[in-house]
Every structure is written in C-alpha cells, then in structure tokens.
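2 protein chains.
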Amino acid sequence: MIFDKSAIQDMGRFERAEFINALTGPKAVYLIGSRHEEGHENLALFSSIVHIGANPPLIGIVFRPDTVRRHTLENIRNNKLFTINSVHPEFIDRAHQTSANYDEHTNEFDAVGLDKFYLDGIDVPFVKASALNLLVSYQEEYPIKSNGTHLVIGSIDKVVVDKALVAEDGWVDIFAIKSAVCVGLSRYGEATFLQKQDYARP
Amino acid sequence: MIFDKSAIQDMGRFERAEFINALTGPKAVYLIGSRHEEGHENLALFSSIVHIGANPPLIGIVFRPDTVRRHTLENIRNNKLFTINSVHPEFIDRAHQTSANYDEHTNEFDAVGLDKFYLDGIDVPFVKASALNLLVSYQEEYPIKSNGTHLVIGSIDKVVVDKALVAEDGWVDIFAIKSAVCVGLSRYGEATFLQKQDYARP
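In the order they appear, the protein sequences are chains W and P.
Counting with my numbering, you get residues 11 to 212 for the letters of the first sequence.
Counting with my numbering, you get residues 11 to 212 for the letters of the second sequence.
Do not take every clue at face value.
Each pair may be met inside one copy or between any two copies, as identical chains are not told apart.
[To be verified] As a list, the in silico BS3-like pairs of lysine-lysine whose alpha-carbon atoms are at most 27 angstroms apart:
#1 K206 / K90
#2 K206 / K138
#3 K126 / K168
#4 K90 / K155
#5 K138 / K155
Quick caveat, the hints were computed from the structure, so don't treat them as lab data.
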C-alpha cells in the first residue's frame, strides 16, 4: 500500500507519531544524565542519537524543544557536560518511565529507581546499570528551521566500558551487552548479531 | 575501563573508526536510491538516518562529504527526490557491497545485483526487495562546523509498505520485516521485539 502525504496528514496525532517514528527504527535508546544549575540530577531517554564522526569523536542528538526533554537540553546548554548511558532489557521499563512529564525539579534517578555513579572531579551522573557510559561535552547546536527541533553536537570525552568487550580491531560488542532499541514510541527490542562483512571494494 | 580523549586519539585510524562508530549502535541501515543528473541510478548504504519530526513528517541524514557517499549527496542536491529502502538479512551482503568506492557512473543496482521498481511519474528508483520504501524530498541542509559533515533534512512524501504491517495505533512492525542494523562499520544484525510500554506518566 502507498501512504501519500494526504493519507499521512489525515492520520490522528498519536497515530501519525507512531507511524512516522517507526520508519526510522530500530533506533538505539540511551539515557542522558545531566545536572540542573540548581544542583539536582536529571535523567531522560533518547532515541535520536546519531554518529557524526570518529576523528574527532562526535555524536549528534536531536532535541524536541516542545517536550519534557527540554530539561535535558537546558542542563546541557548551561553545564556543557552530560552523560550517555546504554539501556538493557532488565531496565527498559525504568528507562521508559524517565520519559514521563516530571517537573523540572524531579530527579529521575530517584523517581524511576536507577542507581548512579560519579567519576572523580566530574559533576554529571552516570547510570550504574549501563554496560556503556559516555562522558560528552557540548560543542555546538543547530536549530532546524523545518520544525523547530535542535541538533546538538557533542564531543565524546570519555568511554567507560569493560575492556573484554573491545575487539582487536577496536569494535565494541554492543550486541553482547544487549543494548536496547525502540521502534516507534512504545515498542522496545534488542539487537542480535548476524554477520560480519569485509571492507567493500568495487 | 575508562578510555579518555588521549587513549582514543592514540588509536589507529581504522581502530578508532570501529570503536567510535560502535558507541551509537545498533543503528538501522537503509539503502538510499537516487539518480545522477546524467540519468543513471545510484544506490548507497547509510546508517545515519534519524527521526526529526512526525508533523510534518521529516527525517535527517548525516552525510560525510569525504567518502564515496558524496555521489548520493550530489544527486539529492540536484534532483531533490530520493528513496530510502529497508535492508533485510537475505541481502545484507549486497547492501554492504554498495559501500564500495565505485566511480560516480556506476549503477550500484546492477553492480551488486539488486532489482528496482518505479512509481508512476517519479524518476528515482526503489529497491524491490525492501519491505519498506520511502519517497523523500530534499528540504534543507546544515553543514556541521565541528567536522565538515552535512545534515540533510528530508520530507517523507510517500511510504510504501504492506498494510498488514501497520498496527491499529499507526505503528509499523519493523521487527516483523527484520530491518537490518549495524554496529560499527562491519557487523550487522537484526532487532527482535521484547516489550511494549504504555505512555509514561509521573
């Protein structure tokens, strides 16, 4: 079946959101840890993190300014440092719960029941249950004219991961840690390894 | 183990590429179909497609200007229309092969052995073996200062998918079609459904 522009426009708001969000999935989900300028911690689930480059190591995150997630964006703009933490099957429910519309003074670590840890001299919280933790610093930001979202570019400053997960060629075994993915707004899954391909030549 | 900035900088070029690319995975992979201004078709694999918004329906694609994939970017800039096509386990090898450094006049549909189809009055090719096909039109572009990549924003104009895959709430069952994911540059997998979460409330 072909869904054209008018068929998509005619969908209800939530129907269209599930439909369009599914088209770019499976999407890796991560918890972003940050700190409010008044001191309390914040934790929020994101599925819009994209690889920007390896040298220098950069990631991009798409932020919707009209959702609860703006707390994270405000914290990142103010504090410049934040953390990105992997999600695993045993706490998908708690990770999803961080997407509730808590007021900006709620500490979602406490609200959903996830433990944190800190690195010496760094004031942003990491998720203890995550097998992969990144410390990221805010670099720059692009407002997207088409719909008012924001692309934030972050520099990967530190990677916390078990050395046994890093292969000889540098690859990190994200399949082994069962890093969660989502399709649409409410369905979660995990990714399993199928095959390795050699560097392609004509 | 903590890999800090200097440890990452000290890695070899290919080691760092596998390491950093893995951190944002699992990433959905899609084939982008386009047409060169001289008429021939182009097909290339991308793992940097991100949801931008549902209303209007928008996606983002990160393009590296210094790779073979610039053929696709040039075609998209010239022609404005392109297609995004899902990849499935039975042709991951052929999809990966499109990433080889073919010259700009190579038609990768022919080079790797993937069939195409056309929609009436639309001059860009779709991948026949894909369970999900999107027709997308170029909207705008942001050069990323941090590393010279480009974020292209595209509007989803048409979605071709079996109606049986669309759930009552609008969701598209991307798990059922086994849409392929990659982690790093060379490892591919598939995503399997685990659980559905209700809309989160505080």
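**Message:** With identical chains, the pair K126 and K168 could be close in the same copy or across copies; at 27 angstroms between alpha carbons, which is it: within, between, both, or neither?
**Reply:** Classified as within: same-chain Cα gap 17 angstroms, cross-chain 44 angstroms, threshold 27 angstroms.
**Item:** Intra/inter-copy verdict for K206 and K138 if alpha-carbon distance must be at most 27 angstroms
**Value:** between (30 angstroms within a copy, 24 angstroms between copies)
**Message:** If the cut is 27 angstroms between Cα atoms, do K206 and K90 qualify within a copy, between copies, both or neither?
**Reply:** Close neither inside one copy (37 angstroms) nor across copies (33 angstroms); limit 27 angstroms.
**Same-copy or cross-copy closeness of K90 to K155 [CA-CA at most 27 angstroms]** = Both. Shortest intra-copy (23 angstroms) and inter-copy (18 angstroms) distances satisfy the 27 angstroms Cα cut-off.
**Item:** Within, between, both or neither, where K138 and K155 count as close if Cα-Cα is 27 angstroms or less
**Value:** Result: close neither inside a copy nor across copies, 37 angstroms intra and 34 angstroms inter.
Violation of the numbered hints given earlier is confined to hints 1, 5; the remaining hints are satisfied by the structure.
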